[in-house]
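S.K.: If you want the building blocks of each chain, they are given just below.
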Amino acid sequence: MSILSPEQKAIQQTAKDFVAKNIIPIAAKYDKSGEFPTVLLEASKASNIFAMAVPKEYGGLNYDALTQSLVLEEWGYGCAGMGTTLAASILSMDSVLIAGTDEQKRRYFKPMLNAQIGSFGLTEPGAGSDAAAGTATAVKKGNEYILNGTKCWITNGGFATVYVIFANTDPAAGVKGISAFIVDRGVPGFTIGTTDHKLGIRASNTVELLLKDVHVPVTNLLGKEGEGMKIAMMTLDMARPAIAALSVGLAQRALDTCVAHVHTRFPGKPFPGQTLQFKLAEMQIMVEAARDCLHQAMRLRDEGVPYSKESAICKTFCSDVAMQVSATAVSLMGSAGYTSDLGKYMRDSKIMQIFEGTNQIQRLVISRAVLAHPHASAPSTAQKAGK
Amino acid sequence: MPKCLVCYKWTLDEQDIKIKSEDLSLDSSRAKGKISDFDRNAIEEAALLVEKNGGAVDALTYGTTTVKQSLKDCLSRGPEKVYWISDATAGNADASVTANVLAAAIRKMGQYDLILCGEGSSDQFNQQTASRIAALLGLPCVTFANKLSYEGETAKATRKLEDCQEEVSVKGPVVISVLSEINKPRIPSLKQVLGASKKPNEEIKVADLGLKPEDLQPKAVRKSVKGFVMQRKNVIYKESSAADNVAKLKASLASEGLC
Amino acid sequence: MNFELTEEQRLIGQSARDFGKEYLEPIAVELDAKGEFPKKVVQALAKHDFLGLLLPEDVGGAAAGFVSYVEVIEDLSRYSAAVASIVNNHTIAAYTIQKWGTADQKKKYLPGMAKGELLGGFAIYEHGPTPGVGPDTLVAKKQDVGYVLNGKKAFVRNAGEAGVYVVFATTDPALGAKALTAFLVKSDAIGVKVGEKLETMGLKGCPVADITFENVVLPETALLGAVNGGAAISATALAVASVAEAAQTVGIGQAAVEHAAAYAKQRVQFGKPVATLQAIQTLLAEVATDCHLARLGLRNAALLIEEGKPFEVEAAMIKSFLARLGSKMLIDTCQVEGGFGYSETMPLPRLFRDIAGTNLLDAPGDFPEKLIAASIA
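Residue numbers (our numbering), protein chains in the order written: chain F, 1 to 387; chain X, 1 to 259; chain B, 1 to 377.
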């Protein structure tokens, strides 16, 4: 864990308190029903937390990356599903932050000041990891674009006020023909489709979006035509660590729950031997290393240093840790674990390895970075030339 | 109390067969054996008849060396005894060779009131075994049976034909081939499986059947067996409206006689 | 050395697979959703002799041997691991009675258990640190009438549906686990209180609950095996159970890898089925490998059990292996199926939840590694 400034510590504590009061007590209920916790949005209004990534000039809290990750870790600790709601809203606004005009930012961020959420609409049935394979279209007509297509696996889709939707303005141009658009809820032709019942993060709303002749003004185009994939990739780079943060919180929760079980079952000394103790130690190692890895990536971002590789690393590592720690916790706590909330943490962890870029895609990104630069200690002609 | 005989074939489980994409040849190296699907129905039908009317079921099979693997499987499904013929000639036997061998064996084995077969085997599906055996033995033959009963010495069958159902009754020994819808083969209970090893089996050697060499020569020679890969038509309808696309699709399906 | 199953074992497996396809496949999703005990399926299992598989013929069992048993459990688990759990927990109880019961006890319980009229349960675990120790531990006090039981047993499978439980209680709290003793307790005995059904992550349909014993009076004839001989009995029974449970894990894993492979062959991304990508191939290959090796390991242990040879080390090994790699089978196959596979309309989420319930390390003082290490060091 980074050494936190007093301000960061205060924000972290506030987040902890909020989660203890508003998330932890309701997590199990929403996990069981799969309902979306609108009460949570209500409760979030006072803190303005849904605008934590919005710059000050637009009325937001403007938390730096590290601070945002502290908040998201606490939400992940409370309920990864509810944390995903916050993370995905920020994901969508990151696109506007990257490519939006001043006016677009003002428009898009305004609902978030009132704990209304955004949604990022990239994925399609035929375009998952292959994000560029999307077939949604956007045809320009006068001073409008007309959007058609189907999006799926869209987090927050059923409850968002604002959306960033990706569509092809030039289908023949492949990747370079994709553009990004702001779409408002309630626009005619924009329908929310089926809601999916998932293995985990059940409190998070996941839906299909159906676009049939949806008219958006040209002023809703983000950046230029054809820049959509670039915007999407930059957005995901920026937003990936949010998943890492949720994962760290999830892993910590699984570990804490496991430790609490151990104390209940074995009150006082002696604890039941090294095997159990060392498994807990391994879990602790993983959680701490995951947090440090995440914070390192966040420091790079806050320093304005390129952090694409580190972003991919922390997303991969932290989600893998959450999966490992939660699975070990269930196994270790036996039937007590299997009949407890440890099952939820294991179910929630699985998606962290999949969405916002599967851990296989992340490994591609990382391996490319690794192979792009010859190893420092390997002899090279460049070195010999006295470079 | 009919004395029943069921003829069955031990085939490869087609689920285990892989089609090599380069030349569509078949890789059966990992394929397990099974009793041919329709033959399972025939065995089940015989077992049901005997459970209802009394009597006994024998089974008869002709195959290569692998045929011995089928014996306990067969005996766990109702038959009291299984006769088996294991011979290399079964490897490339056509319908005439198969029928010659089976008919000759049946002549040796004795009198049966009912001889049941599956309508066709799951590998070749020639649908000739029942009628050829009947012809060789001089017996009547009823094919496409999807319902069967036996009273006194009369077999009553319902035949499912392409556009109608036919009720048939036959007195005396008869050869009947059955469709898969005639029954649902039982899942042998564990006791039935374990009881199979206590039931007798008897080998019949081709050499003892009194057949001439030409009786064992296939007249239809199999040259090759290749996999069939369904090619997708990949037709895309790109009319301006959904209604137009549907109309085009409908017209296309109608032209193929599908709607 | 022959790695092949005998013909009977193969045919028994075929029957189990056909049974799974006909009886379990149609109900598996609903069973998981509602968690209602599948009475009809249990009756059908009995009719096909699966509930008396291990029991001798003179009590109506099939005496098919332990290798056939694990083959059946693997095949049933491919369709519904929850039903396999019901069978496993029933069978371990029956096995225990068969192995340590008196002639009278065997005559009293086993015919009904073979027929599926009497379901068995095995009550060993407790909420305390170890059975025999802790505030709520089940104590059996010797009295004139026999024994009086007071205390609680935890996480009993088939609780509420079983007609007879094999119960482990300590006759002397001061000696704790050393005085553990086995008893046969009928579910309708006065003072036996099955608690509320617990919510499990998976394997739903196999009920799990605590059982409280309030002054349950048992005659001497309810004693199973020797007084204070319970630890040895439970150790052996649990070792057998771990091999049986390993078969569940392998069945679930096999079903998962087959489904994921089929999915990967038809899911096209980047212009090709994802099955052509090495990343996906690695995930599938590791799961298939672990499944295959686990199957060989558990079959070996099963054969040792069937032949009456020492098997506890091999049983511990397979448990240790799968405690480490069992859930990985579903973590990796779910990864292959990505976002689509995360939906509960697809089968892998249920398998993910089910497999996590196998090979639980329920005896923290007794990790399998302890026994394995003792055998070599």
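Because the hints were derived from the structure by calculation, they are not lab data. Predicted model, so just to flag it, every value in this text is computed and none were measured. Fair warning: there could be bad hints in the mix.
Think about it this way: if two alpha-carbon atoms lie no more than 30 angstroms apart in a straight line, the pair counts; the simulated DSS-like pairs of lysine-lysine are [unchecked claim]: (1) K21/B / K18/X; (2) K52/X / K21/B; (3) K52/X / K40/B; (4) K238/X / K250/X; (5) K184/X / K186/B; (6) K47/B / K107/B; (7) K99/B / K21/F; (8) K81/X / K205/X; (9) K52/X / K115/B; (10) K197/B / K199/X; (11) K115/B / K142/B; (12) K99/B / K370/B; (13) K186/B / K40/B; (14) K81/X / K21/B; (15) K198/X / K370/B; (16) K32/F / K106/B; (17) K106/B / K191/X.
S.K.: It remains to establish, for every hint, whether it holds in the given structure.
M.R.: Verification of the supplied hints:
no.	hint	verdict
1	K21/B / K18/X	holds, 23 angstroms
2	K52/X / K21/B	holds, 27 angstroms
3	K52/X / K40/B	holds, 26 angstroms
4	K238/X / K250/X	holds, 14 angstroms
5	K184/X / K186/B	violated, 39 angstroms
6	K47/B / K107/B	holds, 20 angstroms
7	K99/B / K21/F	violated, 55 angstroms
8	K81/X / K205/X	holds, 17 angstroms
9	K52/X / K115/B	holds, 25 angstroms
10	K197/B / K199/X	violated, 47 angstroms
11	K115/B / K142/B	violated, 34 angstroms
12	K99/B / K370/B	holds, 25 angstroms
13	K186/B / K40/B	holds, 22 angstroms
14	K81/X / K21/B	holds, 29 angstroms
15	K198/X / K370/B	violated, 45 angstroms
16	K32/F / K106/B	violated, 44 angstroms
17	K106/B / K191/X	holds, 20 angstroms
In this structure, the hints that do not hold are numbers 5, 7, 10, 11, 15 and 16, in rising order.
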